[in-house]
Amino acid sequence: MTSILVGTLVALAAAVLVLVLASVAGGREGGPAGLLATLRGGIQQVRGGRPLVTTHDDAVDDDLDEFFAATEVDEDPYLRVDDLTGTWGRVRARAVRGVAHARR
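Here the sequence shown stands for residues 12 to 115, where the numbers follow my numbering.
There's no promise every hint is true.
Using C-beta positions, here's what the derived DEER-type ranges look like [to be verified]:
| id | residue 1 | residue 2 | range |
| --- | --- | --- | --- |
| 1 | D93 | V57 | 49 to 55 angstroms |
| 2 | A44 | T96 | 44 to 50 angstroms |
| 3 | R91 | A48 | 46 to 52 angstroms |
| 4 | A25 | G52 | 19 to 25 angstroms |
| 5 | V102 | G52 | 33 to 39 angstroms |
| 6 | G53 | E86 | 42 to 48 angstroms |
| 7 | L32 | L90 | 48 to 54 angstroms |
| 8 | D87 | L47 | 36 to 42 angstroms |
| 9 | F79 | W99 | 37 to 43 angstroms |
| 10 | D87 | A48 | 45 to 51 angstroms |
| 11 | L75 | V31 | 35 to 41 angstroms |
| 12 | R51 | G18 | 26 to 32 angstroms |
| 13 | G100 | M12 | 38 to 44 angstroms |
| 14 | T96 | A48 | 38 to 44 angstroms |
Please keep in mind that the hints were generated in silico from the structure rather than gathered at the bench.
Keep in mind the model is a prediction, meaning the values are calculated, not measured.
Heads up, the beta-carbon is just placed ideally off N, CA and C, and yes, glycines get one too.
Kindly generate the complete structure, drawing on both the sequences and the hints.
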């Protein structure tokens, strides 16, 4: 039981450290104090009954076809299907050889 409690406390301390480092790296002013102010503001919003997520009236109405048409590129692709199938074929052959070798 003690090891679970210690592990949980270490994990919580690591999570807090990551949050503090992310707030400092993210450019928030005040470092840990800024993180605590943001956390305090979020708690006050929850207690006040206000939603944490803001809604935007300018929703995007584009469908997926329009998105893909707008972002289409005429350059050579980074990966080609032939490259992938060749790689998967070699991987499969090595796996079969490895399994056959392990059975001996």
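Comparing the hints with the structure gives:
1. D93 x V57: 49 to 55 angstroms: The hint (49 to 55 angstroms, Cβ to Cβ) holds, given that D93 and V57 are roughly 54 angstroms apart.
2. A44 x T96: 44 to 50 angstroms: Violated, since A44 and T96 (Cβ atoms, about 55 angstroms apart) do not stay within the stated range.
3. R91 x A48: 46 to 52 angstroms: Holds, since R91 and A48 (Cβ atoms, about 51 angstroms apart) stay within the stated range.
4. A25 x G52: 19 to 25 angstroms: Check passed, 24 angstroms falls within 19 to 25 angstroms.
5. V102 x G52: 33 to 39 angstroms: Once the Cβ atoms are compared, 51 angstroms apart, the range 33 to 39 angstroms for G52 and V102 is violated.
6. G53 x E86: 42 to 48 angstroms: About 44 angstroms separates the Cβ atoms of G53 and E86, which means 42 to 48 angstroms holds.
7. L32 x L90: 48 to 54 angstroms: violated (34 angstroms)
8. D87 x L47: 36 to 42 angstroms: violated (50 angstroms)
9. F79 x W99: 37 to 43 angstroms: This hint is violated: roughly 26 angstroms between Cβ atoms.
10. D87 x A48: 45 to 51 angstroms: 49 angstroms Cβ-Cβ, so the 45 to 51 angstroms window holds.
11. L75 x V31: 35 to 41 angstroms: Given a distance of about 39 angstroms, which is inside 35 to 41 angstroms, the answer is holds.
12. R51 x G18: 26 to 32 angstroms: Distance hint for R51, G18 holds at roughly 28 angstroms.
13. G100 x M12: 38 to 44 angstroms: Taking Cβ atoms as reference, G100 and M12 lie about 52 angstroms apart, which means the hint is violated.
14. T96 x A48: 38 to 44 angstroms: Check failed, 54 angstroms falls outside 38 to 44 angstroms.
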